[in-house]
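Chemist: Residues per chain, in single letters:
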Amino acid sequence: MSNPLPIALADLSTIADETWSTVINLPLEPGSAVPVGNVLISCVQIIYPTTTYVVAISAGPELAAKLAAGMLMMSPEEVGEQDRNDAFGEIANILGGGVKARLPEVGSMSMPVVISGTDVTVKHPKCVLALCACHTCAGSPLAISVYHQE
Amino acid sequence: MKILVVDDSKVMRSIIIRTIKHAGYADAVFAEAGNGIEALKAMREGQPDVMLLDWNMPDLNGIDLAEKLKGAGIKVKFGFVTTETSDAMRQRAMEAGALFLVAKPFTPEGMQAALAKALA
Chain C
0 MSNPLPIALA DLSTIADETW STVINLPLEP GSAVPVGNVL ISCVQIIYPT TTYVVAISAG
60 PELAAKLAAG MLMMSPEEVG EQDRNDAFGE IANILGGGVK ARLPEVGSMS MPVVISGTDV
120 TVKHPKCVLA LCACHTCAGS PLAISVYHQE
Chain D
0 MKILVVDDSK VMRSIIIRTI KHAGYADAVF AEAGNGIEAL KAMREGQPDV MLLDWNMPDL
60 NGIDLAEKLK GAGIKVKFGF VTTETSDAMR QRAMEAGALF LVAKPFTPEG MQAALAKALA
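Chains C and D are the protein sequences, given in the same order.
For the first sequence, position 64 (counting from the first letter as 1) is numbered 63 according to numbering that gives the first Met the number 0, and the numbering increases by one without interruption.
For the second sequence, position 62 (counting from the first letter as 1) is numbered 61 according to numbering that gives the first Met the number 0, and the numbering increases by one without interruption.
No lab work stands behind these hints: they were computed from the structure.
Quick caveat: nothing in here was measured; it's all calculated off a predicted structure.
Glycine is no exception: its CB is placed at the ideal position from the N, C-alpha and C atoms.
Hints may contain errors.
[As the list claims (entries may be wrong)] Some residues of chain D that are not near chain C, with every Cβ distance over 10 Å (derived):
#, residue
1, Phe29
2, Leu39
3, Lys40
4, Arg43
5, Asp48
6, Ala115
[Stated by the list, open to error] Footprint (simulated), chain D over chain C, 3 or more residues, beta carbon under 8 Å:
#, segment
7, 65-76
8, 87-100
Bound conformation, chain C alone:
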């Protein structure tokens, strides 16, 4: 894993802490594992004329429902798939905005994309993994990653 970014892992954790404390209403703890098996991934692209960044979050569907429930202040059982994916996309959007604020100004950010499946990963033709912050939330792992075109 290379790190050619103008941001560090600590910045990513700061952005995540800010997002969790103001929007999600659940505690976010440091972790050591990335989610595996059936996962949701939400990501945004930050596009520059000569390079691209991808900011992604991955978590299991049950945790994603809990995150949506925290955002909507309802129980996870009440959260439908559409709201879960909408919320998960919005989290990537907010994280992407936080990353973009630490990058040069001229980039433009895409709308979020949410995918799900068994052992799905982010595959961008030109980007490689540059940063990965592992966390635990509500007892389940989640990862926030930044990919960068070298």
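Add chain D to chain C, keeping to what the hints say.
Modeler: For chain D alone, coordinates are given in the frame of chain C:
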């Protein structure tokens, strides 16, 4: 007071409305729209006192809507609630007539300050 919240995320619209209520505007009447085109339709059904726009939305995004309204001479108080808040975007927003630009994630205090400025 009528507040129109324009964001393509239904979840984010819900969070914005909840935050505005917590910021001291619990008695406001809220209308929602998922993009700029829906916002124009909602405005035809009743002019809001203030409008909160996301920047990135499908079909007609927030800044294009703001510039369209300005071009058509339609006066409405509005600001942006968005994940992106670069100086260039802030300048473009203000040139289009925005009264505030609130960054996501936001707090009730930040929202209160923005709305107080718009509604002063």
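Chemist: Would you mind marking each hint as holding or not holding in the structure?
Modeler: Quick rundown of the hints versus the structure:
1. Phe29: holds, 15 Å
2. Leu39: holds, 20 Å
3. Lys40: Holds, because the least Cβ-Cβ distance between D/Lys40 and chain C comes to about 21 Å, which exceeds 10 Å.
4. Arg43: holds, 26 Å
5. Asp48: holds, 25 Å
6. Ala115: Answer for D/Ala115: holds, closest chain C Cβ roughly 19 Å.
7. 65-76: holds (count 4)
8. 87-100: Holds: 9 residues of the segment 87-100 of chain C have a Cβ under 8 Å from chain D.
Figure legend: structure checked against the earlier numbered hints; every hint is met.
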